[in-house]
Amino acid sequence: MTSNLRTPDHRTPDHRTTRDTITTRRVLGAVAALATLPYVSMKIAWLVGNPVGVLDMRVVEGAGMAAMNAITLLLDACVVVLAVTLGSRVALRLPALPVLLPAWVATGLLVPIALVSLPMTLLLPRPDDPGLAAWVHPMVYGGFTVQGACLLAAFALYARDRWGARLATPAPAPDAVRPLLRAVVGGGVVTAVLAAGLRILGGVLTGEPIALVPAAVTAVLGLAGAAGVWQLAASRSGTALVTSAWVGSAVVFAEGLYATAITMGATELSAGAASPAAMLSHVVGLLSGFALAVAGLLAVSGSVAGAPRTAGAPLAGGTRSGDGSTPATGRAPVAGGTRLGGGHPATGRAPVAGGTRLGGGHPAAGDTPAREAPRA
1 MTSNLRTPDH
11 RTPDHRTTRD
21 TITTRRVLGA
31 VAALATLPYV
41 SMKIAWLVGN
51 PVGVLDMRVV
61 EGAGMAAMNA
71 ITLLLDACVV
81 VLAVTLGSRV
91 ALRLPALPVL
101 LPAWVATGLL
111 VPIALVSLPM
121 TLLLPRPDDP
131 GLAAWVHPMV
141 YGGFTVQGAC
151 LLAAFALYAR
161 DRWGARLATP
171 APAPDAVRPL
181 LRAVVGGGVV
191 TAVLAAGLRI
201 LGGVLTGEPI
211 ALVPAAVTAV
221 LGLAGAAGVW
231 QLAASRSGTA
241 LVTSAWVGSA
251 VVFAEGLYAT
261 AITMGATELS
271 AGAASPAAML
281 SHVVGLLSGF
291 ALAVAGLLAV
301 SGSVAGAPRT
311 AGAPLAGGTR
321 SGDGSTPATG
331 RAPVAGGTRL
341 GGGHPATGRA
351 PVAGGTRLGG
361 GHPAAGDTPA
371 REAPRA
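Reminder that position 124 of the sequence shown reads as 124 in our numbering, one-by-one numbering, no gaps.
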């Protein structure tokens with residue numbers, strides 16, 4: 001499935017527009033990388049025994065906390081790698097999965113911080129926190145917010161450069177994956193609704209009204225993600241649907257993964273464990289986010305593979321405008337100027353009788369597109 005995402009959409013804007021996009025992505029990536037420095041510096045200081053900003057040594061003591069600090073330090077290193085990658089032309093030539101997966105997880109981890117954690121920290125300071133100095137949370141959450149904003153913007157430009165408008169105007173999924181798509185969409189939507197209900201219940205059971213804020217935000221994002229995937233699976237189109245599916249599935253997955261890891265780690269961070277309803281919501285959300293991500297990938301697979309759309313009149317030379325059909329390969333069109341499937345020609349194979357091909361789609365492995373993405 002991810003092989004269908006490998007080849008960029010070569011019908012990109014002109015070279016000047018592409019160059020300007022690369023420059024913007026590089027700037028965004030550089031800002032995101034620089035925004036990791038305060039957090040990385042603090043974590044390194046803790047790991048080497050310098051408790052900067054720590055008021056209660058239990059926050060940094062013990063093998064479990066040392067492991068958690070090392071893991072979070074590694075995650076920020078991954079952010080730097082992702083930021084540098086998104087700011088380069090190399091990203092357009094990489095297989096899709098090594099770019100999509102870390103960008104998706106980063107979205108899920110950073111968006112709730114920008115929407116909830118930082119505003120609540122600035123508007124509702126907690127001077128009674130005995131563990132860390134008052135400046136630690138604003139610094140950390142502020143850095144994460146900058147990282148999230150820059151990475152999301154850089155990724156949006158990267159996706160536009162690689163796949164163009166095809167992700168926002170999805171073609172129907174290939175026939176072979178439609179039964180699987182229906183099953184995964186159904187499971188993802190049901191578990192998303194269940195996770196949202198459990199998340200709200202967990203917030204209510206804390207007895208603290210303020211706890212309902214992050215619970216409600218996560219629940220709303222999860223339901224928005226489920227709605228977006230549902231609409232994409234029904235061949236609806238729109239950037240808003242793709243965005244809601246991406247962000248919603250990422251948030252419920254990442255939150256569930258983080259909460260489960262914290263609980264299993266048995267560290268100071270897991271002291272005063274959440275209610276059973278909240279913990280169950282994290283596990284269900286983890287499963288829901290994964291299912292929604294798979295369903296979303298299946299739903300847009302027809303577009304990124306160059307599957308045909310009913311709209312779009314043929315242009316001169318047998319190409320189509322904006323529908324991902326026959327690409328400008330530089331080859332003479334076959335008899336009749338059409339190919340069944342409307343996709344890239346399979347390499348090295350003769351056309352079938354009548355000058356048509358069955359199952360046109362993504363180029364076969366080894367086929368060189370007519371226009372390469374700009375090299376770094």
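Some clues are possibly wrong.
DEER-style ranges, computed between Cβ atoms [what the hints assert, rightly or not]:
1. L180 with L94: 38 to 48 angstroms
2. V217 with M139: 31 to 41 angstroms
3. D56 with R178: 51 to 61 angstroms
4. T23 with L94: 43 to 53 angstroms
5. I44 with A176: 25 to 35 angstroms
6. V217 with T263: 36 to 46 angstroms
7. A240 with A133: 20 to 30 angstroms
8. A234 with D56: 33 to 43 angstroms
9. V48 with R236: 24 to 34 angstroms
10. L101 with A176: 18 to 28 angstroms
11. T23 with A183: 37 to 47 angstroms
12. P138 with D56: 17 to 27 angstroms
Everything labelled a hint here was simulated from the structure, so no lab data went into it. Ideal Cβ positions, reconstructed from N, Cα and C, are used throughout, including at glycine.
### Message
Please check whether I44 and A176 have a Cβ separation lying inside 25 to 35 angstroms.
### Response
violated (49 angstroms)
### Query
Between V217 and T263, does the C-beta distance stay in 36 to 46 angstroms?
At 21 angstroms between Cβs, range violated.
### Message
Taking 17 to 27 angstroms as the stated bounds, is the beta-carbon spacing between P138 and D56 within them?
### Response
18 angstroms Cβ-Cβ, so the 17 to 27 angstroms window holds.
### Task
May I ask you to test the hint 20 to 30 angstroms on the CB atoms belonging to A240 and A133?
violated (41 angstroms)
### Message
I want to verify a distance hint. Is the separation of the beta carbons of L101 and A176 within 18 to 28 angstroms?
### Response
holds (23 angstroms)
### Message
A range of 38 to 48 angstroms was offered for this pair. Does it hold for the Cβ distance of L180 and L94?
### Response
Taking Cβ atoms as reference, L180 and L94 lie about 26 angstroms apart, which means the hint is violated.
### Query
Per the hint of 33 to 43 angstroms, is the separation of the Cβ atoms of A234 and D56 within bounds?
For A234 and D56 the Cβ distance comes to about 52 angstroms; the hint is violated.
### Task
Take a look at whether the Cβ-Cβ distance between T23 and A183 falls inside 37 to 47 angstroms.
holds (43 angstroms)
### Message
Within 51 to 61 angstroms: is that where the Cβ-Cβ distance between D56 and R178 falls?
### Response
Holds, since D56 and R178 (Cβ atoms, about 55 angstroms apart) stay within the stated range.
### Task
Note whether the CB distance of T23 and L94 lies within 43 to 53 angstroms or breaks it.
Given about 20 angstroms between the Cβ atoms, the range is violated.
### Message
Looking only at beta-carbon atoms, does the pair V217, M139 fall within the given range of 31 to 41 angstroms?
### Response
Distance hint for V217, M139 is violated at roughly 22 angstroms.
### Distance restraint hint 24 to 34 angstroms, applied to the beta-carbon atoms of V48 and R236
violated (53 angstroms)
When the structure is compared with the earlier hints, violations turn up for hints 1, 2, 4, 5, 6, 7, 8 and 9 and for no others.
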